[in-house]
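For the protein sequence lines, the chains are A and B, in the order given. Straight run, no breaks: the first sequence in full-length UniProt numbering ends on number 530. Straight run, no breaks: the second sequence in full-length UniProt numbering ends on number 530.
Treat the hints loosely; a few may be bogus.
To be verified - Listed below are the simulated DSBU-like cross-link pairs for lysine-lysine, each with C-alpha atoms no more than 35 Å apart in a straight line:
(1) A:K217 with A:K259
(2) B:K259 with A:K331
(3) A:K217 with B:K217
(4) B:K331 with A:K259
(5) B:K155 with B:K208
(6) A:K155 with A:K217
I should point out that these hints are in silico values taken from the structure, not numbers from a laboratory. Since the structure is predicted, the reported quantities are computational estimates derived from the model, not experimental observations.
There are 2 protein chains.
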Amino acid sequence: MRLAALLSATALVIATPVLAQAPDRVAINGIIDQGFNHSEVMNTAAWLTDRIGGRLTNSPQMREAESWTAQQFRDWGLSNVRAEGFEFGRGWSIVRSSARMTAPRSIDLRAIPVAWTPSTDGVISGDVVVAPMTTPADFDKWRGKLAGKIVMITKPDTGSEPTEPAFRRWTDDELAGRTAFVQPAHAEPSLGGLREASFAERLDAFLKEEGAIAWVKMSQRDGGLLHGTGYTYRVGTTPTLPGMELAAEDYRRLARLAKTDASPRLELMSEVRFHDEDVNAYNILADIPGTARGGEYVMAGAHLDSWVASDGAVDNAAGVAVVMEAARILKEMGVRPKRTIRFALWNGEEQGLLGSLAYVDQHLATRAPLNDPELDSLPNGRTWRQRWPVQPRPGHADLVAYFNIDNGSGKIRGINAEGNVAAAPIFEEWLAPFASMGASTVSLRTSGGTDHVYMQSVGIPGYQFIQDPLDYGSRLHHTSIDSYDHIKPEDLRQAAVVLAGLLLTAANSDEPLPRMPLPTQPTPSDPFAY
Amino acid sequence: MRLAALLSATALVIATPVLAQAPDRVAINGIIDQGFNHSEVMNTAAWLTDRIGGRLTNSPQMREAESWTAQQFRDWGLSNVRAEGFEFGRGWSIVRSSARMTAPRSIDLRAIPVAWTPSTDGVISGDVVVAPMTTPADFDKWRGKLAGKIVMITKPDTGSEPTEPAFRRWTDDELAGRTAFVQPAHAEPSLGGLREASFAERLDAFLKEEGAIAWVKMSQRDGGLLHGTGYTYRVGTTPTLPGMELAAEDYRRLARLAKTDASPRLELMSEVRFHDEDVNAYNILADIPGTARGGEYVMAGAHLDSWVASDGAVDNAAGVAVVMEAARILKEMGVRPKRTIRFALWNGEEQGLLGSLAYVDQHLATRAPLNDPELDSLPNGRTWRQRWPVQPRPGHADLVAYFNIDNGSGKIRGINAEGNVAAAPIFEEWLAPFASMGASTVSLRTSGGTDHVYMQSVGIPGYQFIQDPLDYGSRLHHTSIDSYDHIKPEDLRQAAVVLAGLLLTAANSDEPLPRMPLPTQPTPSDPFAY
Chain A
1 MRLAALLSAT ALVIATPVLA QAPDRVAING IIDQGFNHSE VMNTAAWLTD
51 RIGGRLTNSP QMREAESWTA QQFRDWGLSN VRAEGFEFGR GWSIVRSSAR
101 MTAPRSIDLR AIPVAWTPST DGVISGDVVV APMTTPADFD KWRGKLAGKI
151 VMITKPDTGS EPTEPAFRRW TDDELAGRTA FVQPAHAEPS LGGLREASFA
201 ERLDAFLKEE GAIAWVKMSQ RDGGLLHGTG YTYRVGTTPT LPGMELAAED
251 YRRLARLAKT DASPRLELMS EVRFHDEDVN AYNILADIPG TARGGEYVMA
301 GAHLDSWVAS DGAVDNAAGV AVVMEAARIL KEMGVRPKRT IRFALWNGEE
351 QGLLGSLAYV DQHLATRAPL NDPELDSLPN GRTWRQRWPV QPRPGHADLV
401 AYFNIDNGSG KIRGINAEGN VAAAPIFEEW LAPFASMGAS TVSLRTSGGT
451 DHVYMQSVGI PGYQFIQDPL DYGSRLHHTS IDSYDHIKPE DLRQAAVVLA
501 GLLLTAANSD EPLPRMPLPT QPTPSDPFAY
Chain B
1 MRLAALLSAT ALVIATPVLA QAPDRVAING IIDQGFNHSE VMNTAAWLTD
51 RIGGRLTNSP QMREAESWTA QQFRDWGLSN VRAEGFEFGR GWSIVRSSAR
101 MTAPRSIDLR AIPVAWTPST DGVISGDVVV APMTTPADFD KWRGKLAGKI
151 VMITKPDTGS EPTEPAFRRW TDDELAGRTA FVQPAHAEPS LGGLREASFA
201 ERLDAFLKEE GAIAWVKMSQ RDGGLLHGTG YTYRVGTTPT LPGMELAAED
251 YRRLARLAKT DASPRLELMS EVRFHDEDVN AYNILADIPG TARGGEYVMA
301 GAHLDSWVAS DGAVDNAAGV AVVMEAARIL KEMGVRPKRT IRFALWNGEE
351 QGLLGSLAYV DQHLATRAPL NDPELDSLPN GRTWRQRWPV QPRPGHADLV
401 AYFNIDNGSG KIRGINAEGN VAAAPIFEEW LAPFASMGAS TVSLRTSGGT
451 DHVYMQSVGI PGYQFIQDPL DYGSRLHHTS IDSYDHIKPE DLRQAAVVLA
501 GLLLTAANSD EPLPRMPLPT QPTPSDPFAY
């Protein structure tokens with residue numbers, strides 16, 4: 001504690017390499033030359049997006065992406081390129097789809113099949129009924145009213161008023177505000193509800209039983225954007241009724257007309273395929289072997305899978321291209337790091353960080369079973385945070401730092417130290433060569449929602465970069481316009497340079513990054529709550 | 001001059017009714033009650049958008065809108081409800097359409113047929129060639145390279161970075177900035193090029209001659225938005241080759257792939273109909289008759305026609321609904337104005353303000369012929385501004401004020417006095433009752449692009465309101481999301497109240513609004529230019 005406080009006190013003290021080795025700035029000059037003057041990052045991004053397209057876990061497109069990225073790593077000379085499998089579920093892909101309103105007038109609508117729902121039987125049509133349902137308690141209200149209908153399951157809201165710019169970069173003030181420690185929210189994971197089927201499965205069963213012919217939901221964004229996200233991918237749980245997402249404008253028009261005497265009718269066509277040849281999904285791993293520190297390694301990762309409303313460009317071909325470009329740069333330079341540098345392209349991230357979780361479970365740490373046969377048979381991710389204690393595996397100590405990229409194509413502005421006050425001053429030192437590129441902020445905030453989370457959950461120093469937000473959250477995340485156009489080349493080049501530099505520094509530092517204590521079951525936030 | 005300057009000097013002087021009669025605030029209380037507590041404006045807007053949909057000039061949907069609005073006026077008790085025709089051209093409507101990329105992979109694309117292009121012969125497919133052409137001089141570059149191809153005629157740019165909020169309202173500072181006089185830009189209309197066919201016609205002929213099978217252009221906005229605008233509507237000039245607009249993201253993807261070895265292929269299907277039963281388009285007019293001022297009248301107008309990528313909601317069902325609601329409010333109140341109050345729903349606005357031009361030409365003033373048989377045979381709008389002198393018709397003096405609404409669904413923040421320094425202080429007085437609703441700015445700016453322009457061009461006091469911009473220009477104008485969702489109910493109710501109040505005040509004022517001098521041919525901006 002004292003030493004960490006000392007380290008963070010002044011830049012003068014930080015410059016003295018106590019725990020960490022200062023970055024090799026000559027090597028970083030080489031990285032900058034390779035990353036800015038000889039970049040391949042946009043070619044990589046273009047292949048993943050334009051050529052392969054959206055990469056839903058276990059879809060043919062994702063299989064192609066697995067092969068292509070592995071081959072790229074091999075072509076660039078990386079070592080030990082491999083695919084590590086974990087059980088996922090069914091593959092699914094869209095062949096084509098369409099939707100039309102046919103009464104009171106005929107127009108083409110914007111629609112996408114919801115992931116893992118089945119095909120329609122050719123073109124189907126029916127009257128619509130607006131029957132918003134969000135919990136099983138809503139079923140009673142609609143029982144007996146849905147036979148032969150296309151059921152509109154979302155309650156329509158009104159249009160948005162986007163009063164903030166869609167595209168932005170962090171200001172200095174905003175970045176400065178991130179350096180304050182944020183006390184972790186004390187959310188207590190609960191086992192409640194885990195024994196039940198998901199609402200999506202129960203809704204499917206209810207609609208089937210009622211004789212509905214299909215369902216549609218409303219896009220959660222307006223502006224004509226679509227997503228098509230769905231989560232019923234496990235073998236034996238994929239739905240029986242076709243479901244489609246409609247553009248908010250199209251959905252609301254139908255809903256309004258359904259409140260009049262217009263009797264709107266909807267025509268749907270969804271042709272999709274399931275792929276059951278292999279229920280495993282695969283993470284792609286590749287190494288630059290270390291020369292001096294035994295099994296120790298540093299790792300960078302990004303998820304390769306995406307949703308399929310568009311080409312999964314900023315979520316997350318951008319991150320994959322940056323990780324692969326860092327590998328290419330370092331390999332091209334012929335670096336011989338003390339520790340192994342590993343590059344990981346995760347699978348199944350969009351369905352719950354499943355690829356990185358599988359890696360954690362297989363290589364780093366597992367967690368005790370609940371000793372409840374029903375709950376212990378659930379997929380790992382469902383109960384992970386509720387199982388104590390964390391049980392480190394032999395490889396737990398070997399992974400000395402993990403860096404994740406999954407926040408769009410914005411350039412790197414710094415790193416989230418995830419509340420680790422011992423690591424923060426070291427990051428400040430490591431990022432110093434990149435300050436003039438805008439990548440100097442060390443935030444003490446935690447960040448969630450992507451593949452460093454499960455590493456953090458077992459005490460591995462896994463970190464997520466701070467990236468300029470651009471229009472990632474406002475209009476691209478999971479949407480029908482997440483294509484190559486919206487990737488910013490200058491930003492990606494910068495990110496690859498910073499990542500390559502950080503990896504090399506971490507691989508060669510005398511000491512590994514300081515760790516947080518191994519997590520144990522937290523006390524409840526309010527011990528006297530009922 | 002002196003009197004006008006005096007009027008604008010102080011509010012005290014303005015309050016003395018010299019040229020104008022102060023607004024009848026008791027009547028305005030009645031308008032407020034009717035417009036806010038008993039509004040029908042959103043029902044009107046919903047019928048025009050949800051029920052009828054996009055209303056391309058001379059399409060069946062526009063015919064339905066002509067009938068429905070006329071019947072509404074009749075149902076509300078307006079007088080002299082009539083349709084005034086003018087020669088336009090062919091009607092056109094979309095039945096259905098689709099586009100797919102089929103190589104190097106298969107995906108559905110977002111596309112819309114370009115207005116007045118013909119159907120494809122079922123589903124057609126071909127290799128693409130990126131051949132940007134903007135002038136006939138570009139044809140040589142592509143001659144001999146287009147046979148059997150689908151030609152991509154737009155030069156692709158890169159994605160946008162929307163750093164301004166899409167949705168906004170005028171700030172006080174912005175409104176204050178509008179009160180300064182703006183010297184008119186001295187653009188000299190030219191007769192050059194009028195003898196030639198339009199570029200669209202020449203491009204169609206070139207592509208046909210080269211054996212291309214279709215053409216596609218890129219949407220001018222990204223974000224997946226489409227427009228489908230096209231202007232070759234005259235009998236005898238509609239194109240022979242199908243043309244479609246692709247979403248910018250889809251177009252750019254094809255263009256990038258065409259730069260690689262991927263050989264992208266495109267599949268297009270466009271089923272459209274032409275409607276030649278009646279080449280006339282019709283303005284819908286309705287009156288509340290005056291009681292005391294002979295043929296004098298005041299008029300409010302909005303264009304009823306729209307593009308068809310969506311339902312023509314903020315452009316301009318919103319304006320139509322406001323004009324119709326003002327009519328309903330005043331009729332419901334049983335007003336008996338001194339001057340007739342006329343309500344006009346224009347046609348053919350999107351193709352060049354053609355409906356309001358026809359009204360001007362038929363009722364207000366015409367312009368001398370050029371005495372060139374070829375040029376004089378062109379449609380009125382092509383040569384209107386180049387023909388001198390303006391020749392007033394007997395009705396010229398009768399129209400004492402025209403108010404236009406065509407800037408989306410934002411509430412009224414004031415009015416553009418169009419450089420008329422004599423009218424400005426009168427507007428300040430007339431708008432005073434609406435200051436607390438935010439509608440108090442009298443701008444001296446001119447405004448263009450809609451149906452008051454041709455009235456201004458012959459010296460009629462035609463004015464356009466200042467409306468809050470909202471997201472009209474940023475994402476709704478002519479796009480595939482211009483549907484009812486994005487109309488703001490509170491704004492429309494306010495606009496109808498302000499318009500009804502202003503119409504009543506103008507109809508009852510002692511003196512008509514001051515006019516500008518009858519326009520005569522301007523001197524050139526630089527008399528010595530070569």
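The hints, checked one at a time:
Proximity of K217 of chain A to K259 of chain A is assessed by CA-CA distance (about 17 Å); at most 35 Å being required, the pair is judged to hold. At most 35 Å may separate the alpha-carbon atoms for a hinted pair to count; K259 of chain B and K331 of chain A meet this at roughly 28 Å. With a CA separation close to 31 Å, the supplied pair K217 of chain A and K217 of chain B stays within the 35 Å bound. For the hint linking K331 of chain B to K259 of chain A, the alpha-carbon distance of about 28 Å falls within 35 Å, and the restraint holds.
Between K155 of chain B and K208 of chain B the CA atoms are separated by roughly 20 Å; this keeps the pair inside 35 Å, and the hint holds. For the proposed pair K155 of chain A and K217 of chain A, the alpha carbon gap of about 9 Å is at most 35 Å, so the pair holds.
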